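Participant: Residue numbers (full-length UniProt numbering), protein chains in the order written: chain A, 1 to 344; chain B, 1 to 344; chain C, 1 to 344; chain D, 1 to 344.
Hints are not guaranteed to be accurate.
[Stated by the list, open to error] Listed next, the in silico EDC-like pairs over lysine to aspartate or glutamate satisfying Cα-Cα at most 16 Å (straight line):
(1) LYS330/D / GLU26/C
(2) LYS277/B / ASP185/B
(3) LYS223/D / GLU131/A
[Unchecked claim] To be clear about the criterion: a stretch of chain A counts as covered by chain D if any three or more of its residues have a C-beta under 8 Å from a C-beta of chain D, and this derived list gives those stretches:
(4) 225 to 232
(5) 305 to 316
[What the hints assert, rightly or not] Away from chain A, derived, C-beta distances all over 10 Å, residues of chain D:
(6) ILE2
(7) GLU5
(8) GLN27
(9) GLU131
(10) SER160
(11) ASP258
(12) THR305
(13) PHE314
(14) VAL320
(15) GLU332
(16) GLU335
(17) ASP340
Bear in mind the hints are in silico, worked out from the structure with no lab data behind them. As the structure is a computational prediction, the values presented were derived from the model and not from experiment. All residues carry an ideal CB built from backbone N, CA and C; glycine is no exception.
There are 4 protein chains.
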Amino acid sequence: MIRFESDYTEGAHERILKRLVETNEEQTSGYGVDPHCERAREFIKKECDTPNAEVHFLVGGTQTNTTVIASILRPHQGAVTATTGHIAVHETGAIEATGHKVLTVPSADGKITAEQVKEVYDAHWNDVTHEHMVQPGLVYISHPTENGTTYTKAELEALSKVCRECGLPLFMDGARMGYGLAAPDSDLSLADIAKLCDVFYIGGTKVGALLGEAVVIVNDALKKDFRYMIKQRGGMLAKGRLLGIQFETLFEDGLYVDIARHAVDLAIMIRDAFAKKGYPFRYASTTNQQFPILPDDVLAKLKETYSFSFWEKFDDTHSVVRFCTSWATKRENVERLVADIEAL
Amino acid sequence: MIRFESDYTEGAHERILKRLVETNEEQTSGYGVDPHCERAREFIKKECDTPNAEVHFLVGGTQTNTTVIASILRPHQGAVTATTGHIAVHETGAIEATGHKVLTVPSADGKITAEQVKEVYDAHWNDVTHEHMVQPGLVYISHPTENGTTYTKAELEALSKVCRECGLPLFMDGARMGYGLAAPDSDLSLADIAKLCDVFYIGGTKVGALLGEAVVIVNDALKKDFRYMIKQRGGMLAKGRLLGIQFETLFEDGLYVDIARHAVDLAIMIRDAFAKKGYPFRYASTTNQQFPILPDDVLAKLKETYSFSFWEKFDDTHSVVRFCTSWATKRENVERLVADIEAL
Amino acid sequence: MIRFESDYTEGAHERILKRLVETNEEQTSGYGVDPHCERAREFIKKECDTPNAEVHFLVGGTQTNTTVIASILRPHQGAVTATTGHIAVHETGAIEATGHKVLTVPSADGKITAEQVKEVYDAHWNDVTHEHMVQPGLVYISHPTENGTTYTKAELEALSKVCRECGLPLFMDGARMGYGLAAPDSDLSLADIAKLCDVFYIGGTKVGALLGEAVVIVNDALKKDFRYMIKQRGGMLAKGRLLGIQFETLFEDGLYVDIARHAVDLAIMIRDAFAKKGYPFRYASTTNQQFPILPDDVLAKLKETYSFSFWEKFDDTHSVVRFCTSWATKRENVERLVADIEAL
Amino acid sequence: MIRFESDYTEGAHERILKRLVETNEEQTSGYGVDPHCERAREFIKKECDTPNAEVHFLVGGTQTNTTVIASILRPHQGAVTATTGHIAVHETGAIEATGHKVLTVPSADGKITAEQVKEVYDAHWNDVTHEHMVQPGLVYISHPTENGTTYTKAELEALSKVCRECGLPLFMDGARMGYGLAAPDSDLSLADIAKLCDVFYIGGTKVGALLGEAVVIVNDALKKDFRYMIKQRGGMLAKGRLLGIQFETLFEDGLYVDIARHAVDLAIMIRDAFAKKGYPFRYASTTNQQFPILPDDVLAKLKETYSFSFWEKFDDTHSVVRFCTSWATKRENVERLVADIEAL
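Assemble the whole structure, with the sequences as input and the hints as a guide.
Facilitator: Shown next, in the form of structure tokens:
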């Protein structure tokens, strides 16, 4: 069975493992203040062109989202996001568990617009009973989204402008950030993101690391006491260097985007193969996740050799499925899949 | 500088790293249901002689304590612990952040007694205004404690008996469990612990792993929906195998206790050296942490070559310090320290 | 200006005030265990035909919803309700503030169906990633709803059946319960409700009391330690008799439904007057709130003499508004309004 | 049986009931923005000499403490208080239920000192692991305390100074504020308190009202969005005027302090009677609660005619008990008690 079901089926990029082995006997301080974490911070700040940012390393996406959002909001505030947002659907109510409502706006492709944010904001403040409702307190977006789509620079600029006008911090979940940066049609760099967002994170778990997410806090107002929040939410590893070493490796010479580009290139090959056969797609993804709409007999045929995720029923005879590549996906496996698609 | 300041200054035991490298390209399911996690579970259940227990792998101590305690308590209940308990002091209010008070009882050495639990329980229920106070909901102990001390089997049996009579689940924090199992004067096995506690965890982070704690839920009533709780608290790693592979390695052939015994043996050498010179100890520890009370000039002298932790001021001319060994401590470094102590 | 804007514009029914004056110098125990609370409990249990129920008196609707829901749910569970449910929209995230997500299902008139509950339940449990999502933990309905609509006995039986099959406690918010009981087309008695729901409350604030809601817990499994929850959420009044005396008065001889019927009769007069003139209604309400859809010029005209609530824009020239009656509404004011409507 | 067991055994001062009856048919807006609330606010601000303060009316003490504290603290912060503080002991963990630890300092009489606050602050910030501990976020005191003791102006000035130097808002719980203002040896006025505290509340429930506490927010930084917090915590009554009318009555012409002085005068008579017979006191109270230490036979004798509260066991043959007076206590009952004490 050849697996295209997720981007976390393997361990870590070999250079990361090698570095872990090489540094294993070094004695370092705990809790994220060791030399490896420091170097990783410098590399990331340089890549983001934000010398004054704070960079923190956390364990996983749900924990990162919870820690950032709980750190920013006051008790009566909520996080605005797409109905499909990860925090709205797939984190077992982790945000609510910190006391905050997730305020959703509809989205066809996982993205939300500046207009929608403005509408939510105005709807709240124009309602005479607004004190009886949760106040929008920040905006949460993902790039790429759960659906593989990406924001353009113009879209993010518009969102950023509205958020600043409304006093709403803009938080970007970058669990798959690398695949966004490597998307062929994306014009957003990490430096752009750092300029337009108040806080964001660069995902390691799904882009070559064993685990780990790097939170970049750009807005000074959001920096205060963040390490307390990490500790309280269980994200401050005693052996913090485990995260530092991985991000050091990913960011010292561009490995992060290189391996993401590999994944995206292969995903595009899969997309093109399906498209050539005339199959439509659920979302216009240019990243490592592709969502073709396939007839049941085609699915049955492909399942003999490949694993991939069921996404949703499309109609009585078609389903949306997800093919996912990663830094670890082998080119020969994709070539074989492409050949099999062509032969359908 | 030779470091004795904590038991998390190095990476992981070499066999763990080796296994991570060997298995790196395997494709597995995420979120803790891969074959490595399954094998690790079997090894642990066998070692604990609890075929019906549930075993879950979490990331770190604070997160594990929070997840277990929040899963058990109803909103008006609190966790009974020693004033020095980790959850009472060193987790940035993580338990309170889930809505629960930590109810403390005094302790000279980190341990609490069956009598104290009974007193807290009776004091609550005998008070006519008990509905105005937090109800004791579980008992939290550490083995070894923060102070390096351990429970005897008789002590744990008494605690367990009282807890069951009072309907209070007994939860043991085993962040340093290995060092407790390896303590020369300890008569408690994992099987004993599994018989006497309702839930406990076996710490990996401080006993040879990069990170990870194995929660063992023995009491059926506490098992329901625990995986939701792990996810909500950010402990469900996408690459759950990272935890599974480590515990598999630690428990397949006794490595866990072997490396803990190494650390304890070296700690006892340090203890004996100080004792031979007539220095007293703050706590009667037989595990990997030793707490001598040393005059300031001795401390100044030792600091030239060794790092160790300041614990507390004892009087105007003496301080309590902590020397810590681990699976990674080198015998020659301990021998050098012992010689330097003898030469004082 | 004659006010029809809400059902809480006046103080309390005169008999309640009279009783407060008469009993003022009595010395009683605090916190809800005085003889007046006890008598009120007995009257309510008799009216509900539930001798084994527990009855508790709380301060207001938001507090009651929060206390009941937080008492029932485990941390990973949420409350299923209509998108328009009070807990979903108008309680400033009070439920989320206790850590729980509100899981909404669409509703055209404020009611939800047994089918919808089953769908939510099945959708959750059939999803292979259900541990990543909030688990449905109870069902919350209002009777009457925010929109003035009521459940029929058949509808409530169907809901109750599904809830019991799914293991979901059914909680009815009866902030306006009296107006539901008095609705001309309603076939639901308090005894029916007590048989079909696990817990519900009978609203005092909007039906003749100064403040106060009576929670009736029918399901034994939900009774344990509820008084702790009331105290923790700030609902246990030192002078608990203030609530007891009011419910004693409302329930000793049927005053509660009598005054509600008065309000409903007047509301129906208003409804019929608008209907006779051909104005449509946003919701088919048979209770004390009526929601006509009126042209802007009619609204402007009526506003000269009457106050009422803007509900929502209907189209460019029409709005939905709310006319509300209560136990305190004067018949002559309604007659005047009816005459003015007829004269439009 | 003559009751001295608490200060909430009766209803409300007769002038309050009279006013409720007089205003009962007035139609007013809900949620605390009616003319009665507005007038009450003006009276209170004038009495406190704080024209810029915000005044909010809440339901009870636990709810008020929870709402104020949750509004001020960030998630990693706690409230510093005496071990005997109401929030630490008698609110069923309401503060923890909002996510915050209560940080206690020892107290012999319910009061804490400026030095203690400074010590807690320094201990936190001087600890190298302070990020692993709850950060002091505000200081909570009661005046009078649970033990009937009061702060002097000099003591409160010292506390205020330290709090401002440390950046810790100072919050005074005035559940029994009236009795403190009326204490014969107290030199603290409401204007002093408003100058020295950042936020405080004036208790109604225990000083003549049916229920209600008036929160006065002096510090501008703590005012933002407080009404959202009241709503979320269930304290925003639909019929907010119920609170407004009561505080309007209590503050329009000094009734609040007048009735408190009545209670204190009677309490001092009781104190003097016990003192004359040579009985010692547990606390040096000059307010409406008196805590004599009495032999068991005396207690048995007094219990035949009077009810009072058991406070704590003093030794094998003595107990501390509490005698409590209020605005409603009758002089003839106190005279009878005094005679009975003299006759012992």
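Participant: Evaluate each hint against the coordinates.
Facilitator: Hints and how they fare:
1. LYS330/D / GLU26/C: holds, 13 Å
2. LYS277/B / ASP185/B: violated, 23 Å
3. LYS223/D / GLU131/A: This hinted pair holds, its Cα atoms lying about 14 Å apart.
4. 225 to 232: holds (count 6)
5. 305 to 316: Contact hint for the region 305 to 316 of chain A vs chain D: violated, 0 residues under 8 Å.
6. ILE2: holds, 45 Å
7. GLU5: holds, 36 Å
8. GLN27: holds, 18 Å
9. GLU131: GLU131/D is in fact no farther than 10 Å from some Cβ atom of chain A, at 5 Å.
10. SER160: holds, 24 Å
11. ASP258: Holds, because the least Cβ-Cβ distance between ASP258/D and chain A comes to about 35 Å, which exceeds 10 Å.
12. THR305: holds, 49 Å
13. PHE314: holds, 41 Å
14. VAL320: Non-interface label on VAL320/D holds, nearest chain A Cβ at 39 Å vs cutoff 10 Å.
15. GLU332: Correct as stated: the minimum Cβ-Cβ distance to chain A is 48 Å, above 10 Å.
16. GLU335: holds, 50 Å
17. ASP340: holds, 52 Å
Checked against the numbered hints given earlier, the structure breaks hints 2, 5 and 9 and satisfies all the rest.
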